[in-house]
Amino acid sequence: MRVKVYSSVSRHTEICTSIGWCRGGRTGELWSCGDDKALWKWNADGSPNAKIADLEVYPAMLQWAPSGDVLAIACTEGSLRLYTRAGKEDKKVEAHTGAVIALRWSHDGSALATAGEDGLLKIWSRSGMLRSTLLRLPASIYAVAWSGDNEKVAIGSYRRVVVQSLQPGRRPQEWKAHEGVVLQVDWSAVTSQILSGGEDCKYKIWDSDGRLLFTSAPLEQVTTSLAWSPNGRWFAVGSFGVIKLCDKTGWSYAREALTHSGSVFQLAWSEDSTVLAGACGSGQVVFSHLSDRVVSWAHLQATLKQDNTVEIKDTIAETTDDLDFRDRVIDMSVGHGALIVTTATQCSIHQSPHWSPPHVFDLKDLPLLVLQSPYHFCIVDRDGIHLYTYEGRLLSTVKYKGLRTDVLNPLTLSIARDAVCMVDASTPKCVRVFDVQSGRPLGQPIEHKIDIIQVAVNQHGSGADRRVAILDKNKDLYITPAHRTQWVKLSSMVDTFMWHDLTDMMVAICGGGDNSMHCWFYPAAVFVDQDLLPHTMTTKEAIGCGKMCQLVSFSGSHCTIRRSDGAYQALSVSPYPQLLYQQVEKGQWDKAIRVCRFVKSPPLWAALAAMALHARELTTAEIALASIDEVAKVHFITSLNELADDTVRAAELALFCKRPEEALGLLLQQGKVYRAIDMNIRLQRWEAALDLAQKHKGYVDVVLSMRHKFLQDMNYDETNPKFIKATKEVSVDHAAVAAKIAAEEEKDRRQAEGN
Amino acid sequence: MALIAVSARREYEISPKRLAIPPSISFPEKLPRCSHVIPSFVEYLRHLGYPRLISLDNFRTPNFELVADIMDWLCHRLDPTVNIPDDITDEPHRIEFVKKICEVVAVKTRIKMNPKRLYGADMYAVKEMVKVARMLYEGMRAVTDTSNPSQPAGSLSGSTEAPPDHLLAGKLADLKAAKALSSQIVESGARLHDLLGRDGDNREAREKALAFLDSISRNLDSTTERDFIEKSIKRMMRSDTDSLEQMKSMCAALEKDEARLRSQIKKKQADVERAEKRLQNMAGVRPAFLEEYERHERELRHYYGLYVDRQRNLDHLEHELDEMNRQEQLRMDENERRMKKMQKRLREEEWRLLRGETEINANEPLFDQDESIDEDHPSMAAAAMNAERPRRPAPRERGGRQGEVIGSMYGEESDESDEADEDDDIDEQHTGGGLAARRPPYESTEEEDEEEDDLLDEDEGESDDVPVQGGDRRGMRPVRPGGGGVGGGIDDHDEDEEDDDVL
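The listed protein sequences derive, respectively, from chains H and W.
Residue 162 in full-length UniProt numbering sits at position 162 of the first sequence; the count goes up by one each step and never skips.
Residue 235 in full-length UniProt numbering sits at position 235 of the second sequence; the count goes up by one each step and never skips.
No lab work stands behind these hints: they were computed from the structure.
Cβ coordinates follow ideal geometry from the N, Cα and C atoms, glycine included.
A few of these clues could be false.
As the list claims (entries may be wrong) - Label pairs and their computed distance ranges (CB to CB):
id, chain 1, residue 1, chain 2, residue 2, range
1, W, 172, H, 67, 52 to 58 angstroms
2, H, 133, W, 90, 42 to 48 angstroms
3, H, 2, W, 192, 39 to 45 angstroms
4, H, 326, W, 298, 55 to 61 angstroms
5, H, 2, W, 175, 31 to 37 angstroms
6, H, 305, W, 172, 35 to 41 angstroms
7, W, 84, H, 305, 25 to 31 angstroms
Sequences and hints are given; from them, build the entire structure.
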């Protein structure tokens, strides 16, 4: 990927200090101001549109409100000025003593933060009313940035980065960021990472808690500008005569030298993340776009050649096709044999192997994200998440009140055959699951204790097999069924994870000293028998996958990782679980057993055991459990096999899966009161047993007799008041009780035989 | 100026990336409102190539060392030869320094600087310094703009040089030219030396020429020398003209040849093209009888297949026939032997009867014979037993058969002359009759249905033995798909055989 400057025109006679994109039309327009006190408007193609106004004072920074109707300009004489679209001064406020150096609108456009030489950070309302003075620092503040949830502001002052919450009474969080003055700070709404650049010529990436994620090598000159792309995938760094384009993990894609341009004082991405504009010290405004963008999937690779030509290469068929588009390509995605290209107005779906003619449909709004699954894909825009089939038919639109689509990324949004799930941006503890066909929520949002940073839904199976896995801020990996909340922890210290694209396997990259890759053959084993989970896991060393590595794909028996230095690394996992899944899916348990016998791998046996238990295939489960030396479990399953009554067997199986409530419910539902009482007693739930007996009458003496025997065996005295009371009320004849129990058992047997 | 740029660059490379002087974070109470000046000043200095990195915070507090360094550097940019004292350790020296700086700047650029502010070395000093920096920057910009007049301000060039570098580049170009010149000088010298070395060889010719010239100059009146020269020149001209003519004629001949060859090549090419076209046509054309040929080929293949099948069947059948004949022979021998034995016994019996012994044992040999038949065909007997035949009819049938056998026996006995011919027929009637009787009814009907075709031509009397023979033969029959014809052939053959037997 490269930055290609396509226009650099000088209209300012002095330094151009600031630029800002304004939402308008299809592509937006750019406004710039400079030390010659002029305010210029530019078209997105890089041609100057018009000189809007001459300012009275030296402007330091300008920014348009996200809605595109208010322009805020920070001036060096200490005032904050608001302008209308026509270039008329709307309001002028004395904001700071000394110059106002930085200002920034919040992402929702409801608040404006300014900072100045006096070391104050002030928050203003949309109309220019002072709301609060958040910070009072001894040194000038050079940069301001809002967090994605608009709750916090990060500033750069002296050598520190300070993060201050808007809520009063919170202590600011600060850390030393650079050896020189921190000149620039930017906070990505999508990845919630903070980027800082300083006079020590470096730029660094921090997470929102101030942990250092990346430090660059020093540049030749001071880092004068930084900007995250709105989609959070890249950022740009400007210095004297240089623009660098970097990946979100920090390594740089390209370095573009600018001639006779001087320092790049500000960088600004257009809303669709395709055009990067820069304000230069020589008064030029440079426009550049990203060329040679490459996306690939399996044997397909799509390259954006010019801004409206995509070259798609099929390495198996050895074909190369050029696809031309009317407008500038905003985003493209290739996967599952299809290439999806979005422009500002249209989306076209090209299917392999005949890439044209494509299915084309119009888009209502600017597409922000394209995400594919084998069955359908979604396009996210400001309005909601639209799901389409590969024929271009709209399936549904997912939206709810408070949905923020601009922060969604492939980590926080996941689609499967029948479910869409995403992290709720307004309450990041929450995962919402929606139906693909109707776009309606599937049950209540799934809540977690702490903020979630990654969510993914499995691709295999359907309906009740849908499972959601999340990675929370503490780097713990949890899994839950999609239709109810039942969090089970799979692992901790996880950097990232991914489901297999066809089966239920999952891989996770775990950091913490030794980098390793865990692969669970059947993570849903936790819902069957939690003890089996550790057995279904294999661990492999993943050398060289440092922090911030990304899992690119996990299909077949290969798992592709993009390391933090941008290199791709392929790791292999066992191919046998896939075979197992194929057999199990067809219900061929005997063949599944043969696969396991052939491979002789305990994790595979454990996975088969869990699958068989899940499918209530007890014979298979017995064999599989025997192969991993789970003697107790094998005995239990054998005893289950001997039970004649289906209900009792189901109940006992539920008990095996550690769901006693479900087991008791099942028994009571079928009217097997004696069995339920018996189970309670076996579980040492004496009180529950007594309550049940008293409720259904007739078995109180049985419970009391059992209790008596138990106490006698254990040499205890009766202390439970309920039992003391019951003993007084009911007389117990042990012989009669024994007869009763025998009669019950006989009844059960007869019933089973009758069936 | 260019030299300074070079030296500055070098210094920059040696000690890069360090902030000039560490800033402190205590602030003066009242802030001067000129902060936009600092970024511009820093930017100008960057453009000019100032070797240190200047922080925006450097002028927050008085920082005389930095101001002095910048001013010294700027003054040297203005005039490389200027002499400025570099001792700024104490107050008088500093004052001296500032004075000198102001003087130099005023003389060189007519810019008046405020020495008081400069001495303050804070933001106001920046305001003073920016005047000089700006002048230099604008001058440099003008140079870059005029040096690339063809390049619009907005266009890009591949070079990544910073503005100060163009001076250095010019210098480098000079250096290159000088180098080229010096190498040229050396080359010329060497050539000259070579030529002088060759003078010894050339001396004779030179002297001759000189003598000739001398003689001309001495006898300017006489024309002998001139005539000689004219003559020799004319001779040379003549010979040259001759050779020219010759060459011309040769050329003409060659051209003619070439033209001829060309026309030939063209002709041949046309031929080749024609031939190729014809070849293509021919390749496209299908011979007239090819289709018929292919059809015949297919048919032949088909017939050959049939032929092979038939041949194989024939071979097999012949083999079967041989086998059967052999068995028949064996059986016939056996029967003959048995018959002889029986006759002998009968004769003995007759003798006994004649002798007047009792008749009670008359049935015995018949029972023996029945059992011996069962022993001859043990498998059939077993199958018949297994088939759970109805028990009741058995004795009746047995009884009926007894009579039959006896009757036939007597017949045989009476007709002894035809014994050899009739033997096997009788035997077959015996065995066939017995088996048919023991067979369960459903089986018999089924088999008879199957054998209906075969039975059509046969006599009622022989119908009994057909199922057995058919059953036996079916086991041996070659399996052949759609072999109705062959099966029919076999049946025909059977009939023939039986006819033979009967005959």
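Hint check results:
In this structure the hint that residue 172 of chain W and residue 67 of chain H lie 52 to 58 angstroms apart at CB holds, the actual value being about 55 angstroms. Checking the proposed 42 to 48 angstroms range against residue 133 of chain H and residue 90 of chain W shows it holds: the Cβ atoms sit about 44 angstroms from each other. Checking the proposed 39 to 45 angstroms range against residue 2 of chain H and residue 192 of chain W shows it is violated: the Cβ atoms sit about 56 angstroms from each other. Remark: the range hint 55 to 61 angstroms for residue 326 of chain H to residue 298 of chain W is upheld by a beta-carbon distance near 60 angstroms.
Evaluation of the 31 to 37 angstroms hint for residue 2 of chain H and residue 175 of chain W yields a pass: the beta carbon distance comes to about 35 angstroms. Range check, residue 305 of chain H to residue 172 of chain W: about 38 angstroms between beta-carbon atoms, so the 35 to 41 angstroms window is met. At about 57 angstroms, the CB distance of residue 84 of chain W to residue 305 of chain H disagrees with the hint of 25 to 31 angstroms.
The structure is inconsistent with the numbered hints 3, 7, although it conforms to all the rest.
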